[in-house]
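UniProt numbering puts the first residue of the sequence shown at 1, with every later residue one more than the last.
You may find that some hints are simply not true.
With beta-carbon atoms standing in for the labels, derived distance ranges [said to hold, decoys possible]:
hint: 1; residue 1: R296; residue 2: D379; range: 14 to 24 Å
hint: 2; residue 1: L258; residue 2: D59; range: 49 to 59 Å
hint: 3; residue 1: L174; residue 2: V355; range: 25 to 35 Å
hint: 4; residue 1: Q324; residue 2: L381; range: 48 to 58 Å
hint: 5; residue 1: G130; residue 2: S274; range: 42 to 52 Å
hint: 6; residue 1: G286; residue 2: D379; range: 42 to 52 Å
hint: 7; residue 1: L291; residue 2: R334; range: 14 to 24 Å
hint: 8; residue 1: D59; residue 2: T34; range: 37 to 47 Å
hint: 9; residue 1: I322; residue 2: G286; range: 14 to 24 Å
hint: 10; residue 1: L174; residue 2: G130; range: 15 to 25 Å
hint: 11; residue 1: S249; residue 2: A357; range: 36 to 46 Å
hint: 12; residue 1: E370; residue 2: Q319; range: 36 to 46 Å
hint: 13; residue 1: P353; residue 2: L378; range: 45 to 55 Å
hint: 14; residue 1: S162; residue 2: N369; range: 55 to 65 Å
Hints are computed from structural coordinates only; laboratory data are not their basis.
Virtual Cβ for every residue (Gly too), placed ideally from N, Cα, C.
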Amino acid sequence: MQLTAHEQADGFLNLSELIIEEELCTNLRGRTLTCTNCQDICPSDALSLSPDAIDLDPDRCTGCNSCLPGCPAGALRSRGFVPERFIATLADQAQVDLHCRASSDKGGGIVIPCHSVLDARLIAAARAEGVSVLGLHGLNNCEGCRYGDARESIEKVVQTVSEWLGEGAPRIELTPDSVTAGKTREYQDQPHLSRRAFLRFGGAQAVNQAVDWIVPGLDPEEQDEEALPFYQSSVYPQRAVQYQSVLVSRADRVPWRLTGPLPWRLRSVSADCSGCLVCGERCPTGALCALETAERRELSFDPTLCTDCSLCERICPEQAMIPQAAGRLDELDRGRVQLFLRRQRPCSRCGTPFVPADQATDQCQVCSNEQELDEAWLDMLSG
1 MQLTAHEQAD
11 GFLNLSELII
21 EEELCTNLRG
31 RTLTCTNCQD
41 ICPSDALSLS
51 PDAIDLDPDR
61 CTGCNSCLPG
71 CPAGALRSRG
81 FVPERFIATL
91 ADQAQVDLHC
101 RASSDKGGGI
111 VIPCHSVLDA
121 RLIAAARAEG
131 VSVLGLHGLN
141 NCEGCRYGDA
151 RESIEKVVQT
161 VSEWLGEGAP
171 RIELTPDSVT
181 AGKTREYQDQ
191 PHLSRRAFLR
201 FGGAQAVNQA
211 VDWIVPGLDP
221 EEQDEEALPF
231 YQSSVYPQRA
241 VQYQSVLVSR
251 ADRVPWRLTG
261 PLPWRLRSVS
271 ADCSGCLVCG
281 ERCPTGALCA
291 LETAERRELS
301 FDPTLCTDCS
311 LCERICPEQA
321 MIPQAAGRLD
331 ELDRGRVQLF
341 LRRQRPCSRC
351 GTPFVPADQA
361 TDQCQVCSNE
371 QELDEAWLDM
381 LSG
C-alpha cells in the first residue's frame, strides 16, 4: 500500500515520519489495554499506550520504525519506510545488501531505518521476488545504537523464515564479508516526495500560513476539549495491514515448506454466536466484515487480511469465535467466505430489525423484556 500524495506532503510539512492512526488500534477498539507490542519494542520509550490513545513523544522518537511490523492492526505506518516500495526495489536481485542507518560498511545496497523493520513476511516476500542472499550490514554497531538493538529481532525472523520455507529460505548473512561494489545506495529510510506531493507540499505550506494568519488556530488544550473519542462513532474504519498485503500478493511465488506452518489464521463461529456482529464491525483489517440489512445479518471472513490480532476473540460476548491454523494455500484462494447468515424481521412493537429465536417470535429481546416487566407490574398492582 503506497502513501497518498497528501500523506507524503504532510510528512514533509510536519517533519515527522510516523503516521499514527489510533482509531485502528485494538486497544481502543476493545476498550482494554491488551496489546503492547509497539511500546515494548520501542528502544527510546517514545510510545505510551492506553485504552484511549496512542501517545508519541516526538522528542524521544528516533525514527527507527521498529514499531511497524509488530502492530497487528496497522495503526502505525511510516512515511519513510514503505514495505511495498521496499520489496519492489529487490525485484530480480539474487543478492541484496541492506544497510541500516548506523552501518559503517562501504559499497552499494539499500538503506533502511533499522534492521528491526524487517520481519518474516518481508523476507518471504523478498524470496518471492528472487532474492536468495540478504546481507545485513550494521548489526555489529547495535550495541549502544540510538536506533536500538536489532539483533534479537533478526534472530527471531531467521528462525521463523526457516520454519516457513525450510531449505527454500534465503540465506541471511548477519556479518557479511562483502558488499555490492560499484553500485549506488538506494535510500528506503526517508520520505520520497513525488512531483504531485511536492506541489501539495508547497500549497500546504502556503495555505497553512495563510489560515493561521487570518484565523488563529486553537491551542492544544482547546483542541483536546473539542475532539470526541473515535469510539463514539458508529463507523469503524478498516484497512489492510501493509506488511500482510506485501506477502499476500506474492504468496503463490513463495517456496513454502510442504509440511511447514503458513502465516495465516482462519476463523469460524460456533453455534453459541448470537449474531451481534460486533466482531465484524470492529475488525481493524477488514478480515471480518459485518453486513446488516432489514432482512438479514451476515458475517464474512477473508483469511488473507487476518493478522491474528485476536480482537474478535476478546470482544465476543458469547466466546463463539474459533481460530484455526491455515494448512494449505488453497484455503486462502477461496477468498472471502460466509461465516453465518441470519434472517431477521422488524419487531412488531418497536420496528427494530431482530433475529427471531423461532417463527412464532415477533418481538425483539428488549421489547419482550419490557413486556414481561409491564405484566409483572400489573400483576403486582392488581394482586
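Here is how each hint holds up against the structure:
no. : hint                    : result
1   : R296 / D379: 14 to 24 Å : violated (37 Å)
2   : L258 / D59: 49 to 59 Å  : holds (50 Å)
3   : L174 / V355: 25 to 35 Å : violated (56 Å)
4   : Q324 / L381: 48 to 58 Å : holds (54 Å)
5   : G130 / S274: 42 to 52 Å : holds (49 Å)
6   : G286 / D379: 42 to 52 Å : holds (50 Å)
7   : L291 / R334: 14 to 24 Å : holds (18 Å)
8   : D59 / T34: 37 to 47 Å   : violated (28 Å)
9   : I322 / G286: 14 to 24 Å : holds (20 Å)
10  : L174 / G130: 15 to 25 Å : holds (21 Å)
11  : S249 / A357: 36 to 46 Å : holds (44 Å)
12  : E370 / Q319: 36 to 46 Å : violated (28 Å)
13  : P353 / L378: 45 to 55 Å : violated (29 Å)
14  : S162 / N369: 55 to 65 Å : holds (56 Å)
Hint check: violations occur at hints 1, 3, 8, 12 and 13; the rest are consistent with the structure.
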